[in-house]
Amino acid sequence: EVQLVESGGGLVKPGSSLKLSCVASGFTFSSYGMHWIRQAPKKGLEWIALIYYDSSNKYYADSVKGRFTISRDNSKNTLYLEMNSLRSEDTAMYYCAKGFAYWGQGTLVTVSS
Amino acid sequence: DIQLTQSPSTLPASLGERVTISCRASQSISNSLNWYQQKPDGTVKRLIYSTSTLESGVPSRFSGSGSGTDYSLSISSLESEDFAMYYCLQYATYPYTFGAGTKLELK
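Respectively, the protein sequence lines represent chains A and B. For the first sequence, this note's numbering assigns the number 1 to the initial residue and increments by one for each residue that follows. For the second sequence, this note's numbering assigns the number 1 to the initial residue and increments by one for each residue that follows.
Hints listed in this document are in silico derivations from the structure and should not be mistaken for laboratory results. Since the structure is predicted, the reported quantities are computational estimates derived from the model, not experimental observations. Glycine included, C-beta positions come from ideal geometry on N, C-alpha and C. One should not assume that every hint holds.
[Stated by the list, open to error] Dumping the calculated DSS-like pairs for lysine-lysine here, alpha-carbon to alpha-carbon at most 27 angstroms:
no.: 1; chain 1: A; residue 1: LYS42; chain 2: A; residue 2: LYS65
no.: 2; chain 1: B; residue 1: LYS39; chain 2: B; residue 2: LYS103
no.: 3; chain 1: B; residue 1: LYS45; chain 2: A; residue 2: LYS58
no.: 4; chain 1: B; residue 1: LYS45; chain 2: A; residue 2: LYS42
no.: 5; chain 1: A; residue 1: LYS43; chain 2: B; residue 2: LYS39
no.: 6; chain 1: A; residue 1: LYS43; chain 2: B; residue 2: LYS45
no.: 7; chain 1: A; residue 1: LYS76; chain 2: B; residue 2: LYS39
no.: 8; chain 1: B; residue 1: LYS45; chain 2: B; residue 2: LYS103
no.: 9; chain 1: A; residue 1: LYS58; chain 2: B; residue 2: LYS103
no.: 10; chain 1: B; residue 1: LYS103; chain 2: A; residue 2: LYS19
no.: 11; chain 1: A; residue 1: LYS76; chain 2: B; residue 2: LYS45
no.: 12; chain 1: A; residue 1: LYS43; chain 2: B; residue 2: LYS103
no.: 13; chain 1: A; residue 1: LYS58; chain 2: A; residue 2: LYS43
no.: 14; chain 1: A; residue 1: LYS42; chain 2: B; residue 2: LYS103
no.: 15; chain 1: A; residue 1: LYS76; chain 2: A; residue 2: LYS43
no.: 16; chain 1: B; residue 1: LYS45; chain 2: B; residue 2: LYS107
[Said to hold, decoys possible] If you only want the chain B side, here are some residues facing chain A, beta carbon under 10 angstroms, derived:
no.: 17; residue: ARG24
no.: 18; residue: ASN31
no.: 19; residue: GLY42
no.: 20; residue: THR43
no.: 21; residue: VAL44
no.: 22; residue: LYS45
no.: 23; residue: SER52
no.: 24; residue: LEU54
no.: 25; residue: GLU55
no.: 26; residue: PHE62
no.: 27; residue: SER63
no.: 28; residue: GLY66
no.: 29; residue: PHE83
no.: 30; residue: TYR94
no.: 31; residue: PRO95
no.: 32; residue: GLY101
When you get a sec, could you build the whole thing from the sequences and use the hints?
Next up, the structure:
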């Protein structure tokens with residue numbers, strides 16, 4: 001059974017940094033591209049980043065480009081999202097997804113002073 | 001960026017009714033479209049991929065169709081567990097984009 005478990009969310013101040021993790025199990029993690037998707041409170045879904053199975057390519061939404069970095073450690077079956085220069089508009093539930101087929105339950109990031 | 005216009009934003013419907021949700025892209029997306037269901041607890045489930053392929057385990061009352069810029073999700077006979085939010089997603093071009101969502105609610 002595919003499982004994706006996000007962690008690392010919390011309450012942070014504007015301008016600060018945070019690193020999210022997503023631990024995968026139930027499939028061969030190193031064979032799949034992985035995504036981060038977020039959802040602001042009472043809003044729709046927003047795709048924010050993709051990393052290829054071998055980290056050879058990474059793509060970002062304009063809203064996070066230059067501030068967020070997606071990475072992975074295939075030896076640990078773990079996906080990461082490093083978030084810098086956080087803004088209030090980054091407040092959201094952050095989901096990781098295996099190739100868009102399976103999603104985790106999300107981790108909440110709140111950016112507020 | 002490709003914009004996805006999803007309609008209606010809210011869809012009141014009754015048990016047993018057939019409903020259709022539309023997703024229109026600002027340019028052709030060559031069938032690179034998925035449909036998702038999101039429950040109130042936040043759980044997201046893929047229902048349809050590549051426009052019309054039903055995800056394993058998803059009931060056959062769900063179906064998808066479309067081409068070019070116009071796509072749709074249909075539910076043939078609504079059951080209680082179908083009342084939820086629905087989103088389309090295009091993955092033809094970066095950045096990938098979602099529709100704004102349709103809330104399927106009990107009339």
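How the hints compare with the structure:
A C-alpha spacing of about 23 angstroms is found between LYS42 of chain A and LYS65 of chain A, which places the hinted pair at or below 27 angstroms, so the restraint holds. Of the supplied pair hints, the one linking LYS39 of chain B and LYS103 of chain B holds, its CA atoms being roughly 10 angstroms apart against a limit of 27 angstroms. Our distance criterion of 27 angstroms between C-alpha atoms is met by LYS45 of chain B and LYS58 of chain A, whose separation comes to about 24 angstroms. Proximity of LYS45 of chain B to LYS42 of chain A is assessed by CA-CA distance (about 18 angstroms); at most 27 angstroms being required, the pair is judged to hold.
Restraint check for LYS43 of chain A and LYS39 of chain B: satisfied, since their Cα atoms lie roughly 14 angstroms apart, inside the 27 angstroms limit. With a C-alpha separation of about 17 angstroms, the suggested pairing of LYS43 of chain A with LYS45 of chain B holds against the 27 angstroms cut-off. Proximity of LYS76 of chain A to LYS39 of chain B is assessed by CA-CA distance (about 30 angstroms); at most 27 angstroms being required, the pair is judged violated. Taking the CA atoms of LYS45 of chain B and LYS103 of chain B, the gap is about 15 angstroms. The hint holds against a cut of 27 angstroms.
Note on LYS58 of chain A and LYS103 of chain B: the hinted pairing is violated, with a Cα-Cα distance of about 32 angstroms set against a maximum of 27 angstroms. At most 27 angstroms may separate the alpha-carbon atoms for a hinted pair to count; LYS103 of chain B and LYS19 of chain A exceed this at roughly 32 angstroms. The straight-line distance between the Cα atoms of LYS76 of chain A and LYS45 of chain B is roughly 25 angstroms, inside the 27 angstroms bound, and the hint therefore holds. Note on LYS43 of chain A and LYS103 of chain B: the hinted pairing holds, with a Cα-Cα distance of about 12 angstroms set against a maximum of 27 angstroms.
Distance check on the hinted pair: LYS58 of chain A and LYS43 of chain A sit about 25 angstroms apart at the alpha-carbon level, within 27 angstroms; holds. With a CA separation close to 12 angstroms, the supplied pair LYS42 of chain A and LYS103 of chain B stays within the 27 angstroms bound. Annotation: proposed proximity of LYS76 of chain A to LYS43 of chain A is violated, straight-line Cα distance about 32 angstroms (limit 27 angstroms). Of the supplied pair hints, the one linking LYS45 of chain B and LYS107 of chain B holds, its CA atoms being roughly 23 angstroms apart against a limit of 27 angstroms.
A hinted interface residue such as ARG24 of chain B counts as satisfied when its beta carbon comes closer than 10 angstroms to some beta carbon of chain A; here the least separation is about 16 angstroms, so the hint is violated. The beta carbon of ASN31 of chain B is not positioned within 10 angstroms of any beta carbon in chain A (closest approach about 15 angstroms), and the interface hint is therefore violated. Interface restraint check for GLY42 of chain B: the shortest CB-CB distance to chain A comes to about 6 angstroms, inside 10 angstroms, so the restraint holds. Given the 10 angstroms rule on beta carbons, the hint for THR43 of chain B holds: about 7 angstroms separates it from the nearest Cβ of chain A.
For the restraint placing VAL44 of chain B at the interface with chain A, the shortest Cβ-Cβ distance is roughly 4 angstroms, inside the 10 angstroms limit, so the hint holds. Interface restraint check: LYS45 of chain B against chain A, minimum CB-CB distance 8 angstroms, threshold 10 angstroms, status holds. Annotation: interface hint on SER52 of chain B violated; nearest CB of chain A at approximately 16 angstroms, more than 10 angstroms. Using the Cβ-Cβ criterion of 10 angstroms, the hint placing LEU54 of chain B at the interface with chain A is not satisfied: the shortest such distance is roughly 13 angstroms.
The criterion of a C-beta within 10 angstroms of any C-beta in chain A is met by GLU55 of chain B, whose closest approach is roughly 8 angstroms, and the hint holds. For PHE62 of chain B, the interface hint is violated, the least distance from its beta-carbon to any beta-carbon of chain A being 16 angstroms, above 10 angstroms. Here the hint on SER63 of chain B is broken, as its CB sits about 18 angstroms from the closest CB of chain A, past 10 angstroms. Taking 10 angstroms as the C-beta cut-off, the interface hint given for GLY66 of chain B is violated, the closest approach to chain A being about 18 angstroms.
Proximity of PHE83 of chain B to chain A is violated relative to the hint, the smallest CB-CB distance being about 18 angstroms (cut-off 10 angstroms). Of the supplied interface hints, the one on TYR94 of chain B holds, with its beta-carbon coming within about 5 angstroms of a beta-carbon of chain A, less than 10 angstroms. Checking PRO95 of chain B against chain A: minimum C-beta separation of about 5 angstroms stays under 10 angstroms; hint holds. The closest approach between the C-beta of GLY101 of chain B and any C-beta of chain A is roughly 5 angstroms, which is under the 10 angstroms cut-off, so the hint is satisfied.
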